[in-house]
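S.K.: Sequences listed follow chains A and B, in order. Under the working numbering, residues 1 to 235 are what the first sequence spells out, in order. Under the working numbering, residues 1001 to 1235 are what the second sequence spells out, in order.
Since the hints were derived computationally from the structure, they do not count as laboratory data. Hints should not be assumed to be uniformly reliable.
[As the list claims (entries may be wrong)] Calculated Cβ distances over 10 Å to all of chain A for the following chain B residues:
no.	residue
1	ASP1049
2	GLU1071
3	SER1106
4	LYS1109
5	ASP1199
6	ILE1206
7	SER1221
8	PHE1231
9	ALA1232
[Said to hold, decoys possible] With a cut-off of at most 25 Å between alpha-carbon atoms, the simulated BS3-like pairs for lysine-lysine come out as follows:
no.	chain 1	residue 1	chain 2	residue 2
10	A	LYS101	B	LYS1147
11	A	LYS54	B	LYS1179
12	B	LYS1064	B	LYS1083
13	B	LYS1147	A	LYS147
14	B	LYS1220	B	LYS1147
It should be emphasised that the depicted structure is a prediction, and the values quoted were computed from it without experimental measurement. We put the beta carbon where it would ideally sit given N, CA and C, even for glycine.
Protein chains: 2
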Amino acid sequence: MKKIIIASTSTVYGGAYLDYLLTSLSELFKDTDKILFIPYARPNGISYDNYTSKARDAFNKIGKQISGIHEFDNPVNTVKEAKGIFVGGGNTFVLVNQLYKNGILSELKESINNGTPYLGTSAGSNICGLTMNTTNDMPIVLPPSFKTLGLVPFNINPHYLDPIPNSKHMGETRETRIKEFHCFNTQPVVGLREGSWIDVNNNQLILKGEYTARVFEHNKSPYEVESGYNFADLK
Amino acid sequence: MKKIIIASTSTVYGGAYLDYLLTSLSELFKDTDKILFIPYARPNGISYDNYTSKARDAFNKIGKQISGIHEFDNPVNTVKEAKGIFVGGGNTFVLVNQLYKNGILSELKESINNGTPYLGTSAGSNICGLTMNTTNDMPIVLPPSFKTLGLVPFNINPHYLDPIPNSKHMGETRETRIKEFHCFNTQPVVGLREGSWIDVNNNQLILKGEYTARVFEHNKSPYEVESGYNFADLK
Chain A
1 MKKIIIASTS
11 TVYGGAYLDY
21 LLTSLSELFK
31 DTDKILFIPY
41 ARPNGISYDN
51 YTSKARDAFN
61 KIGKQISGIH
71 EFDNPVNTVK
81 EAKGIFVGGG
91 NTFVLVNQLY
101 KNGILSELKE
111 SINNGTPYLG
121 TSAGSNICGL
131 TMNTTNDMPI
141 VLPPSFKTLG
151 LVPFNINPHY
161 LDPIPNSKHM
171 GETRETRIKE
181 FHCFNTQPVV
191 GLREGSWIDV
201 NNNQLILKGE
211 YTARVFEHNK
221 SPYEVESGYN
231 FADLK
Chain B
1001 MKKIIIASTS
1011 TVYGGAYLDY
1021 LLTSLSELFK
1031 DTDKILFIPY
1041 ARPNGISYDN
1051 YTSKARDAFN
1061 KIGKQISGIH
1071 EFDNPVNTVK
1081 EAKGIFVGGG
1091 NTFVLVNQLY
1101 KNGILSELKE
1111 SINNGTPYLG
1121 TSAGSNICGL
1131 TMNTTNDMPI
1141 VLPPSFKTLG
1151 LVPFNINPHY
1161 LDPIPNSKHM
1171 GETRETRIKE
1181 FHCFNTQPVV
1191 GLREGSWIDV
1201 NNNQLILKGE
1211 YTARVFEHNK
1221 SPYEVESGYN
1231 FADLK
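Bound conformation, chain A alone:
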């Protein structure tokens, strides 16, 4: 029984870290008080210790204890023994590079597919898709591969942004970038707006939060789906 929350962002505007998700996280992690945190994505370049403290403070509010994976000698065994896993946001290239370096991608995939509850936010959500090719992050390091966990049969674009009206900036919009992705790749992409998440319960993949999501399929016009939509048939 796969149980996953794939969240666009850890923090919504004006809110505290993870606050808007705490009720859902109590439910997701109801069978364990201990959660393994993987701080590899290092937002703002913060240290693993500081990032783990931040996650710890948030999970304390719902009575859960956080350990950082870097506190253990053997990351593979640590993933194997975890009863709940949280991969936080930051830079997806740095995260994926470190997951490959420590050889834990296949272990993570197996654990989560076997029912270990998982929370991903931002970069931690990108890796739930087939590949990290639809991250918004800057490629500050080169990972050996862009292939990720494939927990869902499509790609995620977190922090999805609509074109800014009347913008004078000539850089690509998010939609343009995803259209370019589809010149070279065929899997669908779900653009998740901040405050949205996908709640995966085995074969149900339900859009949660108050916003619509934007779906990009190869050779189709993009379309919006409402909160409550089930992505079960998207592949």
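Given the coordinates of chain A, work out where chain B should sit on it, guided by the hints.
M.R.: Same frame as chain A, but now just chain B:
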């Protein structure tokens, strides 16, 4: 005598393709009427032919003839024989991947260092830096390396964007992304705002256009430099 224009963007808001640069391009390419265009970056996924037509139309205005590199059988020899080179914008990952695939990076570097005048816009400017690690583009394909031409001893961030005041978006600002880059890399980064370019004449690297540029050095606070600034000592 190295002669290069490294432009943040091909097009400024409200303008036509390359229009704001045409006077400078007449000067840059004054010794040749024929310019080789490299359309590999494929903005919006357009074909090489269509992209080359677009460049052709712009350069016609200053009496220059454009050929697309894809119209020739041997890209390496074509670069070697070119009297002027223009690499247009689009997706930097796609561009760099194709440059590696066709084995023309070292030829490009040699030609330009030996004096073949070069124009880069956006992705074509990113590759003038030491690496493409500071592109803004989506990683829609995985190139074999992020190492680029190193025509200047720092990295370029084109389409540089200041934080948007009162934005409720929680994704990283450009400045945050470049700070994260400096957790893993030490070379300076020049953030070029749209409408700015660097005019390289051998050892003079002068900021042109009406805007300041933002310079990021490892372990230093970022700072602004005025139009007319010489980056000769930045390394």
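S.K.: Hint by hint, note whether the structure agrees.
M.R.: Here is what the structure says about each hint:
1. Annotated as non-interface, ASP1049 of chain B keeps its C-beta farther than 10 Å from every C-beta of chain A; the closest such distance is 15 Å.
2. With a minimum CB-CB distance of about 21 Å to chain A, GLU1071 of chain B clears the 10 Å threshold, and the non-interface call stands.
3. Listed as outside the interface, SER1106 of chain B is consistent with that label: its C-beta sits roughly 19 Å from the nearest C-beta of chain A, beyond the 10 Å cut-off.
4. The non-interface label for LYS1109 of chain B is consistent with chain A: the shortest C-beta to C-beta separation is roughly 20 Å, beyond 10 Å.
5. No Cβ of chain A approaches the Cβ of ASP1199 of chain B within 10 Å, the least distance being about 20 Å, so the stated non-interface status holds.
6. Non-interface call for ILE1206 of chain B relative to chain A: holds, since the shortest CB-CB distance, roughly 23 Å, exceeds 10 Å.
7. Taking the minimum C-beta to C-beta distance to chain A, about 15 Å, the non-interface status of SER1221 of chain B holds against the 10 Å cut.
8. Its beta-carbon lying about 21 Å from the closest one in chain A, PHE1231 of chain B satisfies the requirement of being farther than 10 Å from that chain.
9. Remark: the non-interface label on ALA1232 of chain B is consistent with the geometry, its nearest Cβ contact in chain A lying 26 Å away (cut-off 10 Å).
10. A hinted pair counts as satisfied when its Cα atoms are at most 25 Å apart, and LYS101 of chain A with LYS1147 of chain B qualifies at roughly 21 Å.
11. Of the supplied pair hints, the one linking LYS54 of chain A and LYS1179 of chain B holds, its CA atoms being roughly 20 Å apart against a limit of 25 Å.
12. Distance hint between LYS1064 of chain B and LYS1083 of chain B is fulfilled; the C-alpha atoms sit about 12 Å from each other, no more than 25 Å.
13. For the suggested pair LYS1147 of chain B and LYS147 of chain A, the alpha carbons sit about 21 Å apart, so the restraint of at most 25 Å is met.
14. A hinted pair counts as satisfied when its Cα atoms are at most 25 Å apart, and LYS1220 of chain B with LYS1147 of chain B qualifies at roughly 24 Å.
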